Structures are given as structure tokens and as C-alpha cells.
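So you can see what is in the structure, the chains are spelled out below.
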Amino acid sequence: MATTSYQKSPYEYGFSNPEVSVFKTQQGISQDVVKTISLLKHEDDKMFNFRLRAYQYFIDQPLPTWGPDLSGINFADIFYYLKPTDKEGHTWEEVPLEIKDTYDKLGIPQAEKEFLGGVKAQYESEIIYGSLMKKLKKQGVIFCGMDEALKKYPKLVWQYFGKIVPPDDNKFASLNSAVWSGGSFIYIPKNVHVDLPLQTYFRINSQKMGQFERTLIVADEGSFVHYIEGCTAPIYSTDSLHAAVVEVFVKANARVRYTTIQNWSTNVYNLVTKRAQVDAHGVMEWVDGNLGSKITMKYPSNILAGKGAHAEVLSIAVASGIQHLDAGAKAIHLAPNTTSRIVSKSISLHGGRSSYRGTVYISQGATNARSKVVCDALILDKNSHSDTYPTNKNSESSAFIEHEATVSKIGEDQLFYLMSRGFSQTEAEAMIVNGFVEPIVKELPLEYSLELNRLINLQMEGSIA
Amino acid sequence: MIQLKNISVSVDQKTILNNISFNLKPGQIIALMGPNGSGKSTIALTLAGHPNYQITSGKISLDKKDITKFSPDRRANLGIFLANQSPVAIPGLNVKSFLWQIFKKFHPDQKLSLSEFRSWLSFEADSLGIKSELLDRQFNDGFSGGERKKMEVLQMLVSQPKYLILDEIDSGLDIDALKTISLRIQKLAHDLNLGILIITHSPKFLDYLQPTQILILKKGQIKTIGDFSLIPKIAASGFNF
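These protein sequences, in sequence, are chains A and B. To convert a position in the first sequence, counted from 1, into the working numbering, add 28. To convert a position in the second sequence, counted from 1, into the working numbering, add 21.
Just so you know, these hints were derived from the structure itself, not from any lab. It should be emphasised that the depicted structure is a prediction, and the values quoted were computed from it without experimental measurement. Please note that a few of the clues may not be correct.
[Said to hold, decoys possible] Lysine-lysine pairs mimicking DSBU-like chemistry, simulated, CA-CA at most 35 Å apart: (1) A:Lys-410 <-> B:Lys-125; (2) B:Lys-183 <-> B:Lys-35; (3) B:Lys-125 <-> A:Lys-133; (4) A:Lys-236 <-> A:Lys-180; (5) A:Lys-410 <-> B:Lys-90; (6) B:Lys-244 <-> A:Lys-410; (7) A:Lys-470 <-> B:Lys-125.
Hey, can you work out the whole structure from these sequences and the hints?
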């Protein structure tokens, strides 16, 4: 409404602890830094060369200019690797006190006790804590840090590592491939259903930090897993960079659900490449909540390679203040009877900007493929923006792409209606926004839906001048 | 008592209402009539505090308190309830939980439990002819025009205001539903000694509510003030009698 101005609401995870490190590379990036990381990790020649090749791709590629403004990233100013502690703890007591304190504040050990099947915690560049239920270990489930996986299961890892996100995919995937550290590796054996979610929690603590984890999930035939990742960082006046690569392999008849609650502080550039390959009758589901970061570019992609494969992307973006969240999805239909559904909901408020960017591609021969894209944008005030960039390419005459897009400007009528029922502007906005995201929030496990609603409400809290 | 004193209102710099004055007392029922586009709904929305309706001169007061600049929620909390001509839908907002939130807002001291509230609500909804499954749906989402109007009535029963502004509450209702909600509003008016401002084109609705004062609005000004005897005249020859 016309006479209202907002203040940014506080970011509750903005605290930081004193920096702890046993090793830190020098500021900036160079071939030496890449070599140092690989040597420090005692990697074999294969990974060493993989990194160097990727570094060259990173140098050779220009910054993408088709999306948000990335010119503010100063690559020379960032620390690319920081090792906070010498080893990964398997009980929280083994984790250094000042690091454990952070996770206590974030409520991770509590969540682990209550409803998770396994937890990894990454602090700066390394996984510092890991646990997995005994039952799952017995069933042959692997849930370990990416570095550990490369040591323990090199054959398995190399079968998939960098296969759907090659090191020259894009500038930030190249950067990640060159300096990657940490992240999770998950293998679910055939027909094993993991009932409780597995979670990794990413935390950046130091200033000017770059976090470049790799996540690799392989769900073998007929298996199921729900993987959840969360992330936060302190508020600094300097920028940090998070450039992750995620690869998910969904084998025939398997199902993977990948949930992200992205809540970086608003000094983090979050530039993530996420991709899944889905075999016959497999199901890939992304539930993607984007609340934080300064700039996000993230488009979970699905290569529907086998007959009847299905992909689902449900994403929410809440862009407030200086934030520009450019999120979306891709569905690439390569086989008959493949289906995809993309539902994107974005909210722009307090001057924020959110964009939907998506691609649906149906190749010739993907007979009877179906795709449905629904984009709803809600703009809460006149200073905020929303854009939509859909690309649909259909080369198969029996296939069908459906696209719906709505933009609700301000919801001014709704706002007035609720206020005329006695609710304050803040209460009314929260009711509209919570209602707007409800179709996606209800897909989350209860604990996370409560958390997401809480985070959204926190972001909604404005003060009325 | 609500007092409008020399109110002029403009929207996007265009004057819609010119020098409107009248009072609405507790227990009084006023009908506001006039041709389409004469400014009736503007009066309703101005009273409720819609931000797009700029009061350029004059004063609105409620029990001598100047509320000219009050936001819609402050006015609602003082007991002004606007039943909208076209109630909006709010996807994702569950009807029952919405009504429970209204209830808590207006009756903070009531010791009604959620389940007691729900059974009371079911009873009232049923008597208004609202299908019980609608209470579990999302607010007005996919509701018919008539169902939306009944939801307006249900909300006024929950919030129990002091003043009602009914902006074509009768439109979209069939003849039986019109009777049902008319009788329910009549009872509420009696129980709470409500002051009611009615905007309608339906003589039938006025028959039920029996307003004691009729204001005829033309081109943003009150042209005629009369009593119930004006109604047959309007029915016979329109607003150009």
C-alpha cells in the first residue's frame, strides 16, 4: 500500500564464531591453489588432472551474462579452501567445541535425534561430522563425505562423478570441479527404501569464503531416498561464494526426492549446478526453497533418459531487499512416455527481484511425452520485480507441453480484504504468502514445512512507517 | 455513531464523491441507492478505509473519534464490517483456520476451544446453507458468487461488528438463499443493535431489512433523502421520479 515502507527483517543465522582452521589456502585462485588442494587431499593423478583441466575451463569461459549481474564477484578476493579441523567426528563430542556450538544453534543435533536417518555437516570446506543409522549401514546404504568416497569407493565414484555435469559445463561448474571439497556421496542399493531423510547441513563461517561441495547420489534400481540439504552463513559486508555441483542418478523404478532449504545470508553468491538423470520409470523430485543469498542462479535439471521416467520440480523463491533470485528448472525428455511437472512460486517484496528461468525440451522419438509448467509470481509492493523466461522446444508431434504463468501484482485486493477483517498489514501479507506457498510447503516433512513457514514469516516482518 | 461530514473522495485524481454527509446510528438501517456509477461502492470502500480512495476533504468519525486517516484494520477493530461486492479468493488459506483467526482477533477474552468454535461454526454455516465441505477448502477458491456472499455473512457472525456495510450482499443469491441470509442479518442486527448501510438494487432485500432512511446518490452527491415510501416510487419509475 502506498504509505508503507519496510525495513529489512533480521537474519537470525547471521552470527559467526571465530575462524578456526588447520589449513587455509592463500587468497585468490591460481593453478597453485588447485594443486595445493589436490595434494593436501592426497588425491590420485586422475583427480589431480581432472581439477587442472577444469581450472583451464574456468579460466577460458566468460561470466554468463544472460542472467543476474555477477560482475560484483571478485575471484581474487575469495579463499577457496579452508580446512577447519583434522578429522570428521562421528559423535558430536568429537567435533571441536566452537564448531559444535554453531550446529547446536542451528538445531542440527536435535533434528538428527528426532527425525533423520543420517546427517553430514560441512563447515567451510570440509565435512566435520557424519552419522548414519546402523540399520541403513547394514542394508548397504553408503552416506559419506565426497572426499572419503573417492578414497573408499573410487570405482563407484568415477563411474558417475562429472558424468552429467562435466567439468566444462559452465563457468561455475568448472570452478567447482577445480577446487571442489566436501559434499556428500550417497549410494542406495537395489530395492532399499530409506524411510527417514538423510541430511547435509552446509555452513560458511569465515569471511570471503568460497564453498564448493560436490554432491553425488546414486539410487539403484527400485530404491528410494529423501535427501535434504540446508545452508546458512554469517552476515558480512564482504561477499562469499557458494558454487556447488549436484549429480543425481535415478536408476530404473527408483525414486529420489531432493529437498533444499537455502537460507544463505545476503552476502553470498549462490551459483549452483544441479542435474539428475532418470532411467525407465524412475522418479526424480526436487523441492527447492530459496530464501537467502544475494544472488542465486539455480535450475535443477532432469534428463529423462528411460521410458516412463518422471521429474517433478517444486520451487519457491522469496526475494527481498537486495536479493535477486534467478531460479527455475529444466526437463529434457529423451524417451517415450516421459513426464515432467514444474511448479514455481516466487514472491518478491521489499524491493527484491525473483525470476523464473526454465527449459522444457522434448526430443524426436520421445513419443507421448508430457510436460506441465506452472509459474506463479506474487509481487508484494511497487519496488519489487518478477520476470519469467520460459523456453519450450518440442520436436515430437505426439508430445505435449503445457505452460501456465500468472503474476499477481501486489495482491492489493487481497491485502485490503484481509485488513478490512481486522488483520494488520504484516499479518495479512503473511496470510497471503503462506497461502501462496502452501502447495509446495505441504510437500515437505512436517518439521521442514514449519521451518519454511517460519523463515518466510520472518522475512515478511516489515515495520510500517 | 458513524458520521460522514462533507466527504469528498477521489481515485487517481478523479473526483468520485462530492460533499457527502450523513450519520449512521446504532440500530439504524439506511439504504443507499442510485444509478450505476453514482458512487455507492465508493462510499462503502471509503468507510472501510481502502487506500485507493483518497479523502480530499471532510471527516469521518466513529463515536466522535476522527477515523478519517485510519487504516482498514483499525476501522475493522473498531467494529466496522464491510461485506464486499466481489469478495476475493485467497488460495492456500483454509476457511476454518481463517475464521478461527478472526474469532480470536475479535474475542480475545472468549474461552471457546477450537473444537467448540468448530461445532458452533458448523451450525451457523449449515443454517446459512453453506455446505460443510466448503469450510475445509481454501478461502473462496473456486467458490460460486453465491457461496462467496454467504461466506461474508458467516464472517460477520464470527466477528460480531457494530456497523455493517452491505455492498450488494444480495447479488448472486437465489431467492431462497436471499431469504435465509436476510433473516440471519436481521437477527444479528437485532441482537447487536447494529447500524447498517445497505447498498442494493433488490427491492426484495429491502423488504426484509426495512430501512428507515433512503439516500439517493447521483453523480457522487446525495440528491434525495427519504423514508421507505421512496422504494415503490423507485420501483415504478427508476431514479428519475
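Okay, the hints, checked on the actual structure:
no.	hint	verdict
1	A:Lys-410 <-> B:Lys-125	32 Å, holds
2	B:Lys-183 <-> B:Lys-35	31 Å, holds
3	B:Lys-125 <-> A:Lys-133	33 Å, holds
4	A:Lys-236 <-> A:Lys-180	32 Å, holds
5	A:Lys-410 <-> B:Lys-90	22 Å, holds
6	B:Lys-244 <-> A:Lys-410	39 Å, violated
7	A:Lys-470 <-> B:Lys-125	25 Å, holds
Hint compliance for this structure: hint 6 is the single one not met.
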